[in-house]
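Number of protein chains: 2
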Amino acid sequence: MQLKRQKFEINLNPIQRGGILTKEAREALIEFGDGYSVCDFCPGRLDLIEKPNIKNFIHEELPEFLGCDLVRATNGAREAMFAVMNSLKASRKEKKSIVLLDGNTHYSVYIAAERAGLDLDVVESSGYPEYKIDVKKFGEKIDSKKPLLVLLTYPDGNYGNFPDVKKLSKICKNKGVPLLLNCAYSIGRAEIKLNNLGVDFVVGSGQKSMAASGPIGVLGFNKEWENIILRKSKYYPKKEVEMLGCTSRGASMVTLIASFPKVKERIKNWGEEVEKARLFSKEMEKLGLKQLGEKPHNHDLLFLEAEFLYEISRKHKKRGFFLYHELKKRGIGGIKPGVTKNFKVSTYQLTRKEINKVVQTFREIIE
Amino acid sequence: MQLKRQKFEINLNPIQRGGILTKEAREALIEFGDGYSVCDFCPGRLDLIEKPNIKNFIHEELPEFLGCDLVRATNGAREAMFAVMNSLKASRKEKKSIVLLDGNTHYSVYIAAERAGLDLDVVESSGYPEYKIDVKKFGEKIDSKKPLLVLLTYPDGNYGNFPDVKKLSKICKNKGVPLLLNCAYSIGRAEIKLNNLGVDFVVGSGQKSMAASGPIGVLGFNKEWENIILRKSKYYPKKEVEMLGCTSRGASMVTLIASFPKVKERIKNWGEEVEKARLFSKEMEKLGLKQLGEKPHNHDLLFLEAEFLYEISRKHKKRGFFLYHELKKRGIGGIKPGVTKNFKVSTYQLTRKEINKVVQTFREIIE
Chain A
0 MQLKRQKFEI NLNPIQRGGI LTKEAREALI EFGDGYSVCD FCPGRLDLIE
50 KPNIKNFIHE ELPEFLGCDL VRATNGAREA MFAVMNSLKA SRKEKKSIVL
100 LDGNTHYSVY IAAERAGLDL DVVESSGYPE YKIDVKKFGE KIDSKKPLLV
150 LLTYPDGNYG NFPDVKKLSK ICKNKGVPLL LNCAYSIGRA EIKLNNLGVD
200 FVVGSGQKSM AASGPIGVLG FNKEWENIIL RKSKYYPKKE VEMLGCTSRG
250 ASMVTLIASF PKVKERIKNW GEEVEKARLF SKEMEKLGLK QLGEKPHNHD
300 LLFLEAEFLY EISRKHKKRG FFLYHELKKR GIGGIKPGVT KNFKVSTYQL
350 TRKEINKVVQ TFREIIE
Chain B
0 MQLKRQKFEI NLNPIQRGGI LTKEAREALI EFGDGYSVCD FCPGRLDLIE
50 KPNIKNFIHE ELPEFLGCDL VRATNGAREA MFAVMNSLKA SRKEKKSIVL
100 LDGNTHYSVY IAAERAGLDL DVVESSGYPE YKIDVKKFGE KIDSKKPLLV
150 LLTYPDGNYG NFPDVKKLSK ICKNKGVPLL LNCAYSIGRA EIKLNNLGVD
200 FVVGSGQKSM AASGPIGVLG FNKEWENIIL RKSKYYPKKE VEMLGCTSRG
250 ASMVTLIASF PKVKERIKNW GEEVEKARLF SKEMEKLGLK QLGEKPHNHD
300 LLFLEAEFLY EISRKHKKRG FFLYHELKKR GIGGIKPGVT KNFKVSTYQL
350 TRKEINKVVQ TFREIIE
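Residue numbers (numbering that gives the first Met the number 0), protein chains in the order written: chain A, 0 to 366; chain B, 0 to 366.
FYI, nobody ran anything at the bench for these hints, they're computed from the structure.
Please note that the accuracy of each hint is not assured.
[Unchecked claim] Derived DMTMM-like pairs: lysine to aspartate or glutamate, alpha-carbon spacing no greater than 20 Å straight-line: (1) K294/B - E304/B; (2) K231/B - D118/A; (3) K233/B - E23/A; (4) K6/B - E26/A; (5) K94/B - E93/A; (6) K6/A - E225/B; (7) K3/B - E23/A; (8) K88/B - E225/B.
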């Protein structure tokens, strides 16, 4: 069956921009496309395979990259967060425990906690228009009910806000609660070092930010957690229970490895990426749109509010679909069909020329 | 980083033979290689995406193919089995429950049960040389301690044995215990219809038997289990807890869809595949090797014992590696370097000419 993707010259969808494959990853995908092809020379566990060199990647390169002792590849960021929750729960005697989240947390974290049989408590954001997370509030919540885990989204997937993780990691350390940092939108874009930030777990997403085919994620932590997160099977002592023996046994793994040298390079340009996002935000605001979230902004993910585009849509013959169609005509995609009032975009790895084209296109549509 | 796979003209590894991509899957992999590319037009859940048409595939084609009401794609067969165990456990009040397995069960099932906090009991096989599972023994075990779930491997990944599932499904139905059939080595090779077999759950593997890139699996069941397996999130009512919202969000999904028309066709040739396996077994036995497992054999996965190759290896300058090297020289791979005494091979989708070449090669090596 032939499957074709609807392609756009410029795709603004934030979940797409960091996952565009490198040339090397595209070649690796073809080379290792067949089912279990990374397992030709398996010595008994995925992370120990040397041909292709998954072992070096998982045990040397990724720990160095993430500034921590140990890393495992998972089937995605949400699967990594579930693995941490499920492991922590298995390590405790209490039947009822909670995970304490920030109010900008991705939906899949709520569901991971539900799946692990954990309750939730939430530190709400400041709300419209900045949706900032005040990390001091975590301390109060922890004092009233000690959670199994604190989880901070860094940045979140709606507004692209970076809360003060260093302050929170000090609070958590003082109060003896582990802290997981969800970096699905930062690992692979910006420098994230677990030890510098003082957190217990970092989670990244291959398809969101590491130029890999989905689904694949990374989970980093220090040795103090090894016996809990990487506890071995009592039936098969070489296998890690929480990884179900092996995780990402396929093509997504080789794309992650193949893109990695370029990912290491691209994080050095993060400053320029933030500059471009700020420029874009400024130009769009000149057109009458409003950027929500932190200002000045520190990430390429931008939430834009456009009340007047919604007003246009109410009179337009294509109704809410006019914006999608007008953009599509000009080669721009990634804003959902039907959406006008507010939407998320990302400028990640767009050239300044492309960003100008997007601004110019919005200007034309509005005029 | 350039990654190259060591390729063989003929790869005998059983985990590789059913996962070779079709031409259509290879094209789909390139088309949808980028990160989250299947999610361009997501209406809120992976299985509801219509562009590419995952919705039709998951909700129409797969249920028809597997003879059941509902199917979900998972991150693999083991992940599907964990999902069933975790769901069943969440649905019960008892703290301690067991899963009852057959003695030929794949290691990942033991680990899935451990991860779900479940104990195990095992119906042992008949042992050497046939390793058959007598399903009547399940009845006795169930009577002495009622399990949460019975799991049968169909066929197992060591000997390629098919136990009497219809008899077992009657036993389980009578005793009111759900039965999961692990068909990682059969769905995509042979016809498997849940309703004909009378089981509660079927699990398949995209990379093992459905010509897909790993990791991806399928989980089929009837509506009676919907509220347990597909229970919705209390926080996000559209999302399914056990799927963590969405599962296989990437390239492996499109390869599964793209190969599916050919997979549906190839299962019609299953009789011929069994014939070829039997022929191969007979020829190898003429050379002095011994096929373990059921005889006559009913699957392409063959466990061969070769005591005399081991004897050769003890005197050979390459020791145990001689067999791997001799085969490699002649373009044949898939038997682990260092192994001689016994090994698993598969003849799946090899031509008779290729099978003859393998037999002839072994003959030359032995002589």
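For each hint, the structure was consulted:
Pair hint K294/B plus E304/B holds up; C-alpha atoms about 14 Å apart against a cutoff of 20 Å. A threshold of 20 Å between alpha carbons decides the hint, and for K231/B with D118/A the separation of about 15 Å falls inside it, so the pair holds. A distance of roughly 42 Å separates the Cα atoms of K233/B and E23/A; the hinted pair therefore is violated under the 20 Å criterion. Restraint check: the Cα-Cα separation between K6/B and E26/A comes to about 15 Å, which is no more than 20 Å; the hinted pair holds.
Annotation: proposed proximity of K94/B to E93/A holds, straight-line Cα distance about 13 Å (limit 20 Å). The hinted pair formed by K6/A and E225/B fails the criterion: a straight-line CA distance of about 36 Å is larger than 20 Å. Simply put, K3/B and E23/A have alpha-carbon atoms about 11 Å apart, close enough for the 20 Å limit, and the pair holds. Between K88/B and E225/B the CA atoms are separated by roughly 15 Å; this keeps the pair inside 20 Å, and the hint holds.
Hints 3 and 6, counting from the list given before, are not met by this structure.
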